[in-house]
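Asks: So you can see what is in the structure, the chains are spelled out below.
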Amino acid sequence: MSAIVSLRNVVKTYTRGKQTVEVLHNLSLEIAQGDFVALMGPSGSGKTTLLNLIGGLDRPTSGEVSVAGERIDSLSSGQLAKWRARNVGFVFQFYNLMPMLTAERNVELPLLLTNLSGAQRRQNVQAALTVVGLADRAKHKPAELSGGQAQRVAIARALVADPTLLVCDEPTGDLDRATADDILHLLQMLNRDHGKTIVMVTHDPKAAEFASHQLHLDKGQLVEGDVKAAA
Amino acid sequence: MLKQTVAITAMNLRSIPQRVGTSWVIVIGIAVTVAVLVSVLAMVAGFSKTLANTGRPDRAIVLRGGSNAELNSTISRENTVTIMDAPGVKKDADAKPIASAEMVAVVALPQRRTGTAANVTVRGVGTKSPLLRPEIRIVAGRMFQPAVRELIVGRSALTQFAGVDIGSHITFRSTDWTVVGEFESNGDAHESELMGDIETVLSAFRRNLFQSVTVLLESPDAFAHYKDVLTTDPTLTVDVKREPEYYAEQSKQLSKLLNFLAFGVGGIMAVGAIFGALNTMYSAVSARALEIATLRAIGFGAAPVVVSVFVEALLLSLLGGLVGALAAWLMFNGNTVNTLGANFTQVVFHLTVTPHLLLSGIVWACVIGALGGLFPAIRAARQPVATALRAA
Numbered sequence: 194m195s196a197i198v199s200l201r202n203v204v205k206t207y208t209r210g211k212q213t214v215e216v217l218h219n220l221s222l223e224i225a226q227g228d229f230v231a232l233m234g235p236s237g238s239g240k241t242t243l244l245n246l247i248g249g250l251d252r253p254t255s256g257e258v259s260v261a262g263e264r265i266d267s268l269s270s271g272q273l274a275k276w277r278a279r280n281v282g283f284v285f286q287f288y289n290l291m292p293m294l295t296a297e298r299n300v301e302l303p304l305l306l307t308n309l310s311g312a313q314r315r316q317n318v319q320a321a322l323t324v325v326g327l328a329d330r331a332k333h334k335p336a337e338l339s340g341g342q343a344q345r346v347a348i349a350r351a352l353v354a355d356p357t358l359l360v361c362d363e364p365t366g367d368l369d370r371a372t373a374d375d376i377l378h379l380l381q382m383l384n385r386d387h388g389k390t391i392v393m394v395t396h397d398p399k400a401a402e403f404a405s406h407q408l409h410l411d412k413g414q415l416v417e418g419d420v421k422a423a424a
Numbered sequence: 230m231l232k233q234t235v236a237i238t239a240m241n242l243r244s245i246p247q248r249v250g251t252s253w254v255i256v257i258g259i260a261v262t263v264a265v266l267v268s269v270l271a272m273v274a275g276f277s278k279t280l281a282n283t284g285r286p287d288r289a290i291v292l293r294g295g296s297n298a299e300l301n302s303t304i305s306r307e308n309t310v311t312i313m314d315a316p317g318v319k320k321d322a323d324a325k326p327i328a329s330a331e332m333v334a335v336v337a338l339p340q341r342r343t344g345t346a347a348n349v350t351v352r353g354v355g356t357k358s359p360l361l362r363p364e365i366r367i368v369a370g371r372m373f374q375p376a377v378r379e380l381i382v383g384r385s386a387l388t389q390f391a392g393v394d395i396g397s398h399i400t401f402r403s404t405d406w407t408v409v410g411e412f413e414s415n416g417d418a419h420e421s422e423l424m425g426d427i428e429t430v431l432s433a434f435r436r437n438l439f440q441s442v443t444v445l446l447e448s449p450d451a452f453a454h455y456k457d458v459l460t461t462d463p464t465l466t467v468d469v470k471r472e473p474e475y476y477a478e479q480s481k482q483l484s485k486l487l488n489f490l491a492f493g494v495g496g497i498m499a500v501g502a503i504f505g506a507l508n509t510m511y512s513a514v515s516a517r518a519l520e521i522a523t524l525r526a527i528g529f530g531a532a533p534v535v536v537s538v539f540v541e542a543l544l545l546s547l548l549g550g551l552v553g554a555l556a557a558w559l560m561f562n563g564n565t566v567n568t569l570g571a572n573f574t575q576v577v578f579h580l581t582v583t584p585h586l587l588l589s590g591i592v593w594a595c596v597i598g599a600l601g602g603l604f605p606a607i608r609a610a611r612q613p614v615a616t617a618l619r620a621a
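Residue numbers (our numbering), protein chains in the order written: chain A, 194 to 424; chain B, 230 to 621.
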């Protein structure tokens, strides 16, 4: 299968005061289309930094990042924003829903960046909420939903514009085991049945088992080769 | 871009109830600033209007050369004759000049509202005064009689001062005067005065010098020649002014002071309100840092974020501006106040909150809001998305 994500010799440094800290050291990586990859590693190993580079939230200090055949390392902030709107769906640990909007309004947000009509948007929102099993909660606000339901709404929001790639940062970090497993089953289903490529950062080895592959980072480098997930 | 801006702005506005306290800082700060600004400017407008209403272009006032107000002018009886007989002065049916040699005296009367004494002008006017100033109409009681210690009181003076109702007695210079009538004068400066017969007033003050002569000209065009005649007469040292010009000059100093007060105090308050708005919008942006970062991660651009924060600040300021302008209008429009005029006496005038002033207040509010919203808006947009997501 062809690579949808490709990183070549990526270096990422941050400046803290007078100190420059290199978070990723000359990292190269490929993720195949349709893959479900878990990025693991201790705190400070550079997982989230790597995820941000793949998701176009940040740019490398040097090296190349290509996603879906497009070099994104040299895009401007505005170009990256447009690129993200077309290509990436984000799922965050704490859901990051807009508290004043209902579930359906939250899910609709990425579609406001498209040229779809109101009717088409409503149709797509309904479809996304149905996929995550929350069609009956469309009118509820985040405060009226459980953690698992809120994360499902966030996944529906990530899906609704049919992105190439789903980027998940600790998607089960705020959930109990049973709810976390439900969310992971949902992600697995999206990967298997809908062909979504998923890159997921997690601390949790049980969560990582739901992925097709695991990548381990330590001190800004991949420490071992692909590990086939048991699940 | 528009769709994004509308969506983010709508979200921001919907979240206002969750941070109603800080939002009120903008609204109240700006409302108070605008109310103060509009009310002081309404004073300027009312004062200027009152003095601008005083006088007609076909009337001239003659003062001693170099005097800038009646109170520090003196004109001898002989000179008043020359001034009244000069060419260009309109004559009545008996071929007598329509003119009035006058004196003004200052008496202290208690104000109705506070009871404290304030200066009021008592103007001695000549027998031709009714022809000279037809705008003066007796609305209650009757006209004073010559050679009798009687006064008529202007409507504004009556509303502001105690003890000047018809039938009241006023004592000054050890002489007892009776108020016999009330007059209106189109709301001009004379309505703040008491008027009596010139010879009786002169006698009460033991004076023989007049302070001004006001003449009715044959036409407004007759002024230039009339002025030339008087100012080139070697026996006279006088200043000749059209009445509107004279009263405009009288209001200039106070208008300047009030304008300075309005824009000085208003300016300082505006700076305070800008900081209030800045503080509020910075905390609003900070409280929504995660939401803003999430929206930007999804693909919303920086510009709609800037515009939405800016629009929110503007809308809150606009609300403050409307509240302030409305409060100023409700509380002050038409209110009667008095202030020291050029003769060290009280000029009574009405605060006039004009539509123009209301609009100015609202424009000020929007400028304050724009300045207060701009920097927080830029900060919101410049925050790197990854950093904002991590920090939140």
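Be careful, since some hints might not be right.
Computed beta-carbon distance windows for the label pairs [claimed, not checked]: (1) A516(B) <-> S221(A): 39 to 49 angstroms; (2) G326(A) <-> V500(B): 48 to 58 angstroms; (3) D411(A) <-> V500(B): 48 to 58 angstroms; (4) L588(B) <-> G326(A): 28 to 38 angstroms; (5) L231(B) <-> R315(A): 16 to 26 angstroms; (6) S221(A) <-> R619(B): 22 to 32 angstroms.
Capping the alpha-carbon separation at 30 angstroms, the derived lysine-lysine pairs in DSS-like fashion look like this [claimed, not checked]: (7) K278(B) <-> K456(B); (8) K357(B) <-> K485(B); (9) K278(B) <-> K232(B); (10) K232(B) <-> K334(A); (11) K357(B) <-> K320(B); (12) K456(B) <-> K481(B); (13) K319(B) <-> K278(B); (14) K275(A) <-> K278(B); (15) K332(A) <-> K456(B).
To be clear, the hints were calculated from the coordinates, so they are not data collected in a lab.
No residue lacks a Cβ here, since even glycine has one placed at the ideal position from N, Cα and C.
Asks: Hints first: check each against the structure and report whether it holds.
Replies: Evaluation of the provided hints:
Look at A516(B) against S221(A): about 41 angstroms separates their beta carbons, and that is inside 39 to 49 angstroms. Taking the beta carbon of each, G326(A) and V500(B) are about 55 angstroms apart, inside 48 to 58 angstroms as hinted. As the Cβ distance of D411(A) to V500(B) is approximately 54 angstroms, the hint placing it in 48 to 58 angstroms holds. Between L588(B) and G326(A) the C-beta distance comes to about 56 angstroms, which lies outside the given range of 28 to 38 angstroms.
Checked against the hint of 16 to 26 angstroms, the pair L231(B) and R315(A) passes, with Cβ atoms roughly 20 angstroms apart. Roughly 24 angstroms separates the CB atoms of S221(A) and R619(B), a value that falls within the hinted 22 to 32 angstroms. Only pairs whose Cα atoms come within 30 angstroms are accepted, and K278(B) paired with K456(B) is accepted, the gap being roughly 26 angstroms. Straight-line distance between C-alpha atoms of K357(B) and K485(B) comes to about 35 angstroms, which puts the hinted pair past the 30 angstroms bound.
The suggested pairing of K278(B) with K232(B) is violated, with an alpha-carbon distance near 49 angstroms, which exceeds 30 angstroms. Restraint check for K232(B) and K334(A): the C-alpha separation of about 22 angstroms stays at or below 30 angstroms, so the hint holds. Pair hint K357(B) plus K320(B) holds up; C-alpha atoms about 10 angstroms apart against a cutoff of 30 angstroms. A hinted pair counts as satisfied when its Cα atoms are at most 30 angstroms apart, and K456(B) with K481(B) qualifies at roughly 23 angstroms.
A hinted pair counts as satisfied when its Cα atoms are at most 30 angstroms apart, and K319(B) with K278(B) qualifies at roughly 27 angstroms. At roughly 59 angstroms between alpha-carbon atoms, K275(A) and K278(B) are farther apart than 30 angstroms, so this suggested pair is violated. Of the pairs offered as hints, the one joining K332(A) and K456(B) is violated, with about 84 angstroms between alpha carbons and a cut-off of 30 angstroms exceeded.
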